[in-house]
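Student: What follows is each chain in one-letter form.
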Amino acid sequence: MKLKGRIRVAIIGPGNIGTDLMYKVLRSKNLKLDLVAGVVENSEGLALARKEGVPVTSGGIGPILENQEIKIVFDATGAKAHFIHAPMLAAAGKIAIDLTPAAVGPYVVPAVNIEDHLNSPNINLITCGGQATIPIVYAINKAAGVLYAEIVATISSKSAGPGTRQNIDEFTKTTAAGLVKIGGAQRGKAIIILNPADPPILMRNTIYTLVRENSAAEIKKAVDDMVALIQEYVPGYRLKMPPLIEGNKVTTMIEVKGAGDYLPEYSGNLDIITAAAVSVAEKLAVNLLQQSGGEVVA
Amino acid sequence: MLPERIQIIDMTLRDGSHSFDHQYTPAQMAAISKGLDEAGVDYIEIGHGDGLGASSLQYGLSAATDAEYLQAVSAVVERAKIGVLLLPGIGLKEDLEMAKGYGVRAAKIACLVTEVDIGQQHIELAKSLGLEAIGFMMMSHLIEPEQVAIKAKLFADYGADIVYVVDSAGALLPADVKARITRTRELVNIPVGFHAHNNLGCAVGNALAAVEAGATYIDVALCGLGAGAGNAQSEAVVAALMKMGYKTGVDLYKISDVAQDIARPMLRRPQEIDRAALMLGYSGVYSSFLLHTYRAAEKFGVDARDILVELGRRKTVGGQEDMIVDVAFELSQKP
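If you're matching them up, the sequences are chains U and Z in order.
With our numbering as the guide, the letters of the first sequence map in order to residues 1 to 298.
With our numbering as the guide, the letters of the second sequence map in order to residues 1001 to 1335.
Source of the hints: derived by calculation from the structure; they are not laboratory data.
Careful: at least some of the hints might be erroneous.
[As the list claims (entries may be wrong)] Cross-link-like lysine-lysine pairs, in silico, DSSO-like; alpha carbons within 30 Å at most:
#1 K220/U to K1299/Z
#2 K1127/Z to K158/U
#3 K249/U to K1334/Z
#4 K1178/Z to K1243/Z
In this text, all values refer to a predicted model and were calculated from it rather than measured experimentally.
Use the sequences and the hints to build the structure in full.
Tutor: In structure tokens:
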């Protein structure tokens, strides 16, 4: 079948993340939001979708599976639900972009490895801390070889939802695994800190690496290039402190200000994962259009 | 009426690790823990100053692994309970399981007082491993007594056996401690503990105030070791409690011998309230920041006190040691 114009997508789970995602998808040139699916008829998320003229359902995943036109589905529910959704979406021939920590599909950071997974039926976005820090480790690894990577993600208490709070071990373990698998570090460690200050702080990340080669100029350039690449899909991503090199230890600090689509600006941690999800979907959409011999909207 | 017994939890080998930049050798830990065991303390808490899994570039690499420390201490301690501390977000469930394998009997689950809910899964895990689970509310100076008590209730509801009011910044005065302990005791029906830091010189006095308000678990450290200006000094707390008529089960001569003959010769620097430590208490900054701040002040050529005041202004909390470098870097960029 020849696909034309925009690829049709759906969002399941219209909570904070799903709603923020909705506003970003609505701005996309390659994606057309066909359906937002929830389970609570009068939820705020569904009401906001209706207000934007997006079709909604409170029938859960069922209506998405029945709709042949929908090619890509964002899952913003939870890990438990995604374990159930993943095989259903795969059977229906839809690509799942998983924003939960379920890790059914391969880990993907758009700035690093989306090209390797354009034909994967399921893509996992690791964690917000992973999206913010893994690409920096990847860049430093390319420039100098990373023996050990350790990241500290600090987020405001207000932007840490119950999913993060009740599964903090999973957050740290998944992020650490991503530092190794995608970042290329030989060993990885992740630490997460919640800060209750009011007004809330922006998401900040410190990335420590121990490197094999002392190549300051290459490290600095690699980090600058990577920051620019990420800024293409996360405009609020900023180098707070350029790489500080002491012996073989490199310390880099990143701050993430959210776009303020639905979640406040301090929720950079949530913004970076919804932005990554849309970036991945756009790449997949272009791929689907090209594979079908259809037209890509520039 | 005085309570039957005050439980003494010795911090020399955990919070005290901060005073040694986490460079205790397992042999040193074994020597001190043997002395503490013989002196009669109820609990000996050990490990990296920031708990299980905290050996890191962020908090400092320790000289040995958690497992090596636990092995060395468990080989010599016969009577006291060995304890560990875990900060959710730093240590993992696996670390607690490993510790259990070395005969650890108590686990403090340490959360910032406003973020107690992130400790639920770890309290439940500690209980399922058959450990005494202790809810540890760090930076309790940040919120009012009523709010502290409400958070303590959460820990109790998760199944904690004991809940602690923790003055991580050494910022509380005796009346503040009393108010927090009193309100917590009114709201929860599990024993309440108190952990002091001496940045304003109030550690022993605050520990006594806590006991007077009904706390029955008190954290202490030999020679007053610990982050910042240190914890309440074990020998002094034991002596003072005896004078007040409380029973501790600790032999005063023996504990003062362990302090003087075993711990003191190991000290790398005087344990005292210097100008930066004082500023921790005054600004309400996490005590563990002290030595990291000295290093950053030197590296970036700025005054340690300026860094600490700015960290206080930005409401940094435990675990944010990376902010020290961030702030020092920013201060150094100012003309």
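Student: Hinted pair, alpha-carbon criterion (30 Å max): K1127/Z, K158/U. Please report holds or violated.
Tutor: OK: K1127/Z and K158/U at ~29 Å, within 30 Å.
Student: Mind checking the alpha carbons of K1178/Z and K1243/Z for me, to see if they're no more than 30 Å apart?
Tutor: holds, 20 Å
Student: Please verify whether K249/U and K1334/Z have alpha carbons no more than 30 Å apart.
Tutor: holds, 25 Å
Student: Please work out if K220/U and K1299/Z have their alpha carbons no farther apart than 30 Å.
Tutor: Measuring from Cα to Cα gives roughly 20 Å; hence the hint holds.
The structure shown violates none of the earlier numbered hints.
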